[in-house]
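Student: These protein sequence lines are chains A and B, in that order.
Here the first sequence stands for residues 1 to 172, numbered as in our numbering.
Here the second sequence stands for residues 1001 to 1171, numbered as in our numbering.
The reader is advised that the hints may include incorrect statements.
[Stated by the list, open to error] Not close to chain A: a few residues of chain B, all C-beta gaps over 12 Å, as computed:
hint, residue
1, Glu1012
2, Arg1015
3, Asp1025
4, Gln1026
5, Asp1037
6, Gly1088
7, Leu1124
8, Ser1129
9, Val1136
[To be verified] Covered, in the sense of this in silico footprint (three residues per stretch, anywhere, with C-beta under 8 Å from a C-beta of chain A), are these stretches of chain B:
hint, stretch
10, 1046-1054
11, 1090-1098
12, 1101-1109
Hints in this document: simulated from the structure, not taken from any laboratory.
Note that the Cβ used here is the ideal one computed from N, Cα and C, for glycine as well.
What follows is the residue order along each chain.
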Amino acid sequence: MANWYMLTLVGQDQQGIVAQITQTLFENGYDLGEASMMRLGGNFTVMLMISHPENKNGDDAIAIIKDKMGLCVHSVEVSGGLHQHVEPNVRVTVLGTDRAGIVAEVTGVLAEQGVNIVDLESDVGGTAQAPIYIMHIEGVATNSTDDLVDKLAPLNRDGIEIQVMDIETLVG
Amino acid sequence: MASLEILSYPDERLRQKSLEVEHFDQTLWDFIADLEDTLGVGPGAVGIAAPQVGHFQRICIVDVSGRKKTKNHGHLVLINPEITEWDGFKLGREGCLSVPDYTGNVVRAEKITLEAFDPEGNELNFEMSGYEARAVQHELDHLDGLLFLDRVVSRRNDIFDRKVYKPKPKK
Chain A
1 MANWYMLTLV GQDQQGIVAQ ITQTLFENGY DLGEASMMRL GGNFTVMLMI
51 SHPENKNGDD AIAIIKDKMG LCVHSVEVSG GLHQHVEPNV RVTVLGTDRA
101 GIVAEVTGVL AEQGVNIVDL ESDVGGTAQA PIYIMHIEGV ATNSTDDLVD
151 KLAPLNRDGI EIQVMDIETL VG
Chain B
1001 MASLEILSYP DERLRQKSLE VEHFDQTLWD FIADLEDTLG VGPGAVGIAA
1051 PQVGHFQRIC IVDVSGRKKT KNHGHLVLIN PEITEWDGFK LGREGCLSVP
1101 DYTGNVVRAE KITLEAFDPE GNELNFEMSG YEARAVQHEL DHLDGLLFLD
1151 RVVSRRNDIF DRKVYKPKPK K
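Isolated chain A, as found in the complex (with noise of 0.2 Å):
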């Protein structure tokens, strides 16, 4: 069974980046995984699995390019594999205006009701006098969320809405 290791990338975002990451860790003898890559705040953000016939971290390949890209790198081996997906049953949506704290209510909510968060992503829009805040979570809900529903009201307020809309995924 392959050794996988996390590798995360951050740098100033720029036309190409992914293909010379990607091309360098190809030649280097790396495979891949699964991956994201996000733009958060104008920064290039990647996190890649990685494996290696000598189990190598990614360092030699990514040293190649560092510089040239200006890349943060770290590297982690990791007990994950492929083929782990879970469903996620339930999505939470959280709009509105930029309230310290949210993140933490919410999260915090979905915990108490045992909800492992399996994707979360969040973005500021609008502009710089008034930004939006806009965040998606996709989770494992164990219980009914019409309770996450009641549990999660008490934060609508102070200009945030918050939904919760069940995910039923279709198998044919």
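Start from chain A and add chain B according to the hints.
Tutor: Below, chain B without anything else, positioned relative to chain A:
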């Protein structure tokens, strides 16, 4: 009766277009029995189409009756099914017995009119909506060599039905 092997993507046979059933006979009924067994083995699937087991005839089974609060027409064995009308559209998440360990969001018609034959060759006609209509569209795609993978629009930022907080009535 026997459960059959399910083809997995990227098996090219899943891209094959299936042919119309012409004879409503024992051979057809025997195959349907095997297809029923195969659907029963799958993990929580609400439908299966003949090409998923390498049989390229326009046959599928759809049954969403096990799902709570879902309008349905019961256990349906559909021969030569055809959608004649579509109305509205809706996003939903789908997976497939032939595409293990992956799901994605797909747009499907909200309401459909479906014409088909039953295993004895009698004409069927349904007005369907929601989850059952989605399941039928997913299975009919298989008959034309299409997979939900061909229709995935996004894994993020999608719109599902919202649940709105309703204060509990005070006792």
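Student: Are the hints correct? Go through all of them and say.
Tutor: Hint-by-hint comparison with the structure:
no.: 1; hint: Glu1012; verdict: holds, 20 Å
no.: 2; hint: Arg1015; verdict: holds, 17 Å
no.: 3; hint: Asp1025; verdict: holds, 27 Å
no.: 4; hint: Gln1026; verdict: holds, 27 Å
no.: 5; hint: Asp1037; verdict: holds, 17 Å
no.: 6; hint: Gly1088; verdict: holds, 17 Å
no.: 7; hint: Leu1124; verdict: holds, 19 Å
no.: 8; hint: Ser1129; verdict: holds, 14 Å
no.: 9; hint: Val1136; verdict: violated, 9 Å
no.: 10; hint: 1046-1054; verdict: holds (count 4)
no.: 11; hint: 1090-1098; verdict: holds (count 6)
no.: 12; hint: 1101-1109; verdict: holds (count 3)
Checked against the numbered hints above, the structure violates only hint 9.
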